[in-house]
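Colleague: What follows is each chain in one-letter form.
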Amino acid sequence: MSPLLDLLLLRWPELLTATWQHIYISLGSVALGALLAVPLGIWLSTREHISRMVLGVVGTIQTIPSLAFFGFVLPILGIGILPAMSVLFLYSLLPILRNTYTGIREVDPALIEAGRGMGMNSRQLLFMVKLPVALPVIMAGIRISTVYIISWTTIAALIGAGGLGDLIWGGMNVYDIWLIVAGTIPAALLALLAGFTLGRLEKTVTPRGLKAGYTSGEGEFNI
Amino acid sequence: MIRFEGVLKAYGSLEVVKKLDLHVLEGEFLVLIGPSGCGKTTTLKMINRLIEPTSGKILVNGQNIMEMNPVTLRRKIGYVIQQIGLFPNMTIMDNVDLVPRLLGWDREKRINRVYELLELVGMDPEVYANRYPNELSGGQQQRIGVLRALAAGPSIILMDEPFGALDPITRENLQDELKNLQSKLNKTIVFVTHDMDEAMKLADRIAIMKDGEIIQLGSPESILRNPSDDFVLEFIGKHRVNSCELEKVESIMKTNPVTTDPDRKGTEMLALMKRKGVNTVLVVKNDKQLIGVVTIEKLDNKQNLTYKAEYLADTGLPVITAGSPAREAFDLLVSQKLEYLPVVDQNRGLLGLVTRTSMVNALASVVWGEEELS
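Protein chains in written order, with my numbering: chain A, 1 to 223; chain B, 1 to 374.
Chain B with its partners taken away, still in its complex shape (with noise of 0.2 Å):
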């Protein structure tokens, strides 16, 4: 779709970009990534030549684009800058009109088309179409950038980091719904960023920049998963090739449980419970493999005070065995609503207990860790 041959831009003796070569495929989402001054922004305004390549050749569609006039082509190429950049001078619907009215599409299609996308982002046409950009909020201005770059329905979309500017509830809103539109339209497109979360939320393949050149090229897993060199697993993150996705539950459990035999009687289980400071106890046979729970609930009756733990405990208990993945762990608790989850061996010994503090204990080394990077 979009091919660099050793494209080349230099400046004087200072090459921003040096013989660059990629493919974007088509249909594809690009992320170009790096520290600022790496020449993602160069490398992404070289594709509808508001920059222009010092050498080398920039393919669009198999066509150099150096051969086609510049207006035209840019045309074809939606564009949405950081900055926004909507004219103040025109109503939101003369805005997202821009590329057709220049393309000459009649008064009819146009609206239409106005219409459409503004019920595609969820803004009502009636209340939006005549507003001014300064009567928008920051979210919503940029949601009309969007539509501004898709209303000729360009195959190809440059972005310059669009939601660098937004705050971080909005920016997150407007990355699903870009995630959203993507897999509705699927264009190509190709977005410049320097925030890793905003490339791992959108990639399909990341480029990850460094002094004009690319350093790593992948999906946004196998770059967390084989990162090329430091630079590259400095700028992802230490903590993301540690997360809990690869921890296992055994490291996060608690050890000892409060157990109990299967011979014991209510009143005794509420006695232990008291003096444990616990609200369930475990019921284990020989000392070792796991029959089932008793909540303190089960105990608040009479007659089950009377009855052994056997007869007591519920045996349907969702358990995980000590070798899963942590992340399975806080999945059921969180999907199932429990408070807490057994661990067991093969044999349904057991292990250990995670619990939605141990998950939070988890999460937050997690989060402190990240911390520390920074």
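So that you can see chain A by itself, here it is in the shape it has in the complex (with noise of 0.2 Å):
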């Protein structure tokens, strides 16, 4: 352990820096996703016919390989955070768009028919219904998201972002087992809190009435 110990007492200050960087990049990346594939998600849920397009496009950006769409984006943005943030902002829209985009879809078409029935316009009836009970399973999109992208975040300093993942890649040039080490822990924890965090968070925003667990017997029953 004294190798580790060491490395953390010489090198703090620069872990700390890299830590601060994976997270921005990575949070920041999936913000910026989640801003728009949820109002996109929300969009094609009601045309299927473009949607199925859109989601197949959103998906194949997936099957690419990430070493080599971080090389891809080399030549035309360059090194830095920039490129690495395009990237895993492409990388984060797919869970979250396809979440949003069925977490609408599958709303009990009761529900629409009551609304619309009950005379609520479109407006009404996605931020009053659809969206309310949908947003957990747009939330689970959102977690998914983020732990992965947090790992992936790891690559991103092959083109000069910075974060956990120069430690470790250093690590790795100079044989350093422990500064590889030094690197893994920090991530493997990021990506741990986040997905324990949005999971709370996403228990939170459940309506009650959506929650599993609560009877449905005979009214005298109380809870």
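To be clear, the hints were calculated from the coordinates, so they are not data collected in a lab. Any given hint might turn out to be false.
Short derived list, chain B residues pointing at chain A, Cβ under 7 Å [stated by the list, open to error]:
| hint | residue |
| --- | --- |
| 1 | Val71 |
| 2 | Ile81 |
| 3 | Leu98 |
| 4 | Val99 |
| 5 | Tyr132 |
Straight line, CA to CA, 25 Å or less: simulated SDA-like cross-link-like pairs of lysine to any residue [what the hints assert, rightly or not]:
| hint | chain 1 | residue 1 | chain 2 | residue 2 |
| --- | --- | --- | --- | --- |
| 6 | A | Lys203 | B | Asn130 |
| 7 | B | Lys210 | B | Ser183 |
| 8 | B | Lys45 | B | Pro220 |
| 9 | B | Lys45 | B | Lys201 |
| 10 | B | Lys76 | B | Arg101 |
| 11 | A | Lys211 | B | Met93 |
| 12 | A | Lys203 | B | Met93 |
| 13 | B | Lys285 | B | Arg327 |
| 14 | B | Lys45 | A | Ile112 |
| 15 | A | Lys211 | B | Ala165 |
| 16 | A | Lys211 | B | Asp94 |
| 17 | B | Lys254 | B | Glu297 |
| 18 | B | Lys274 | B | Ser251 |
| 19 | A | Lys211 | B | Val127 |
| 20 | A | Lys203 | B | Asp94 |
| 21 | B | Lys337 | B | Asp287 |
| 22 | B | Lys187 | A | Glu113 |
| 23 | B | Lys57 | A | Lys211 |
| 24 | B | Lys76 | A | Asn121 |
| 25 | A | Lys203 | B | Pro88 |
| 26 | B | Lys45 | A | Arg47 |
| 27 | A | Lys211 | A | Arg47 |
| 28 | B | Lys109 | A | Met128 |
| 29 | B | Lys308 | B | Ala322 |
No residue lacks a Cβ here, since even glycine has one placed at the ideal position from N, Cα and C.
Two chains, two separate frames, one set of hints: put the complex together.
Modeller: This is how it looks when you write it as structure tokens:
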């Protein structure tokens, strides 16, 4: 353990900076991704034809190996945070988009019919019914995206974005296992923490009436 | 109130509603009934423009609905669906409150309205207002579904098989409540079902539909008495036409009751009862004229055993004439808690006896006949 301790003692400012960079690159990319994917998913949910095309394109992006993708953007956007975040942003889209789209599409048609039949306009139907009911699914998409973007951000170090990947790649170059460990553990912890926090948030935004485990027995029952 | 004028709905070349003319009167409970695919739901949904007619006109309060804003139109018409469709993300309060909220009522008025409505169906607002739909039973949920339709006080309510998914007992209860509400609130209700019993129970008028057309329109009674064709006959079930209402007492009575003449003594009657295995004998004069009845309880007394039948007979017993509807006999048996009812002719000549057993037999044959049909 002492080599790791030595390393921490010696290089903790660098580790701290890398962690901080890692956080804002990954969370920033996901935030931007959500900002595009959620409205896009909502918009697509009423347009079946286009939606198939858009989901296809976004799905294809997902299949490009990340290492190769960073390579592709290099000649166009150069190195640094901008190209790294652009790639990560594109990767973050699919889970959020797909969950938003299916979450809204799978809202019980009876609710839509009841809402329309009672005189909700399409905006009211979206904000009063579709979104609240689909919110847990959308949040799950954001959580999945966040967790894996945090881990992929380590690769972004290859094109000079910084972050914990710097330590890992550095360690690999000089055969320093402890440097690799020093980059990997915080990255893994970050991913776990993000997954946990967003999981909790998901539960919080789930309307009480949609939570499982509620008795739907006869009314004299008190819960 | 609602008037269909030559309304046609076609999907491509398939006409699901054909040139429909129908006038739903104000305060009327109109039931649209027919087999699936007959166009009844389509007809209903055209009223609030969830489905738009291909041609023809629908007038609500004299106004062509195609010239109205659909959202405004729908807020003026209550709507209840089979799947209930309560919003799971909203409390009961928010669900019932929905249309008033869309219409921008102020908060206090809305809360009062919800409380008033919950009390109307006997659900304590303090208990239920803040619950969520999944905390209620199916029957309670649909009660809320009905209240939600009533919330903004629309004069028209559309109901699309609202009780179809409920268990039979809950369904009966909700039908009773709805009928009750209707008599209090006097709404114009258009109600879709495929259950003839439900239609009979609720409707002021029934429109029987088949292949996008109304085959027969009229009160439940008139449809039962004069079904317009074999389809209607089949649909209402043949047993209804010769139901016990139309049967005569003479067709269900027992024809050989145990009788005695007025001179017999108590001891003889007791022996007769033992021999015949009965607990009553009818006392008749001149072999025919009914005087009264002697029960075995009367003979449970040494002194009485020495009296003659004519002194022992209970003469105040209700009787029924042979030509009366069987139903009258049943009503008498049930309401007066009688064990039997002598059947007589015009001159009080004894013809037979209706007992509880003969009532059960007659009912069983109706039920049995029904099973045979389906």
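Colleague: Does each hint hold? Answer for all of them.
Modeller: Status of the hints after comparison with the structure:
Against a cut-off of 7 Å between C-beta atoms, the interface hint on Val71 (chain B) holds, since the closest Cβ of chain A lies about 5 Å away. With 7 Å as the threshold, the beta carbon of Ile81 (chain B) comes within range of chain A, its nearest partner Cβ sitting at about 6 Å, so the hint holds. Annotation: Leu98 (chain B) was flagged as interfacial toward chain A, and the flag holds, the nearest CB pair being 6 Å apart, inside 7 Å. With a least beta-carbon distance of about 5 Å to chain A, the hint placing Val99 (chain B) at the interface is held under the 7 Å criterion.
Against a cut-off of 7 Å between C-beta atoms, the interface hint on Tyr132 (chain B) holds, since the closest Cβ of chain A lies about 3 Å away. Distance check on the hinted pair: Lys203 (chain A) and Asn130 (chain B) sit about 20 Å apart at the alpha-carbon level, within 25 Å; holds. For the suggested pair Lys210 (chain B) and Ser183 (chain B), the alpha carbons sit about 30 Å apart, so the restraint of at most 25 Å is broken. Our distance criterion of 25 Å between C-alpha atoms is met by Lys45 (chain B) and Pro220 (chain B), whose separation comes to about 23 Å.
Distance restraint check for Lys45 (chain B) and Lys201 (chain B): the Cα-Cα separation of roughly 23 Å lies within the 25 Å cut-off, and the hinted pair is therefore satisfied. Taking the CA atoms of Lys76 (chain B) and Arg101 (chain B), the gap is about 13 Å. The hint holds against a cut of 25 Å. At roughly 18 Å between alpha-carbon atoms, Lys211 (chain A) and Met93 (chain B) fall within 25 Å of each other, so this suggested pair holds. For the hint pairing Lys203 (chain A) with Met93 (chain B), the CA-to-CA distance comes to about 23 Å; that is within 25 Å, so the pair holds.
A threshold of 25 Å between alpha carbons decides the hint, and for Lys285 (chain B) with Arg327 (chain B) the separation of about 29 Å lies outside it, so the pair is violated. Of the supplied pair hints, the one linking Lys45 (chain B) and Ile112 (chain A) holds, its CA atoms being roughly 14 Å apart against a limit of 25 Å. Straight-line distance between C-alpha atoms of Lys211 (chain A) and Ala165 (chain B) comes to about 23 Å, which keeps the hinted pair within the 25 Å bound. Between Lys211 (chain A) and Asp94 (chain B) the alpha-carbon distance is near 17 Å, which keeps this suggested pair within the 25 Å criterion.
Of the pairs offered as hints, the one joining Lys254 (chain B) and Glu297 (chain B) holds, with about 23 Å between alpha carbons and a cut-off of 25 Å not exceeded. For the hint pairing Lys274 (chain B) with Ser251 (chain B), the CA-to-CA distance comes to about 28 Å; that exceeds 25 Å, so the pair is violated. Under the criterion of a C-alpha separation no larger than 25 Å, the hint pairing Lys211 (chain A) with Val127 (chain B) is consistent with the structure, at around 20 Å. The straight-line distance between the Cα atoms of Lys203 (chain A) and Asp94 (chain B) is roughly 21 Å, inside the 25 Å bound, and the hint therefore holds.
A threshold of 25 Å between alpha carbons decides the hint, and for Lys337 (chain B) with Asp287 (chain B) the separation of about 28 Å lies outside it, so the pair is violated. The hinted pair formed by Lys187 (chain B) and Glu113 (chain A) meets the criterion: a straight-line CA distance of about 22 Å does not exceed 25 Å. Proximity of Lys57 (chain B) to Lys211 (chain A) is assessed by CA-CA distance (about 45 Å); at most 25 Å being required, the pair is judged violated. Straight-line distance between C-alpha atoms of Lys76 (chain B) and Asn121 (chain A) comes to about 14 Å, which keeps the hinted pair within the 25 Å bound.
Taking the CA atoms of Lys203 (chain A) and Pro88 (chain B), the gap is near 15 Å; set against the 25 Å cutoff, the hint holds. About 24 Å separates the Cα atoms of Lys45 (chain B) and Arg47 (chain A), which keeps this hinted pair within 25 Å; it holds. With a C-alpha separation of about 29 Å, the suggested pair Lys211 (chain A) and Arg47 (chain A) falls outside the 25 Å cut-off, and the hint is violated. Restraint check: the Cα-Cα separation between Lys109 (chain B) and Met128 (chain A) comes to about 21 Å, which is no more than 25 Å; the hinted pair holds.
For the suggested pair Lys308 (chain B) and Ala322 (chain B), the alpha carbons sit about 29 Å apart, so the restraint of at most 25 Å is broken.
In the structure shown, a violation is registered for the earlier hints numbered 7, 13, 18, 21, 23, 27, 29, in ascending order.
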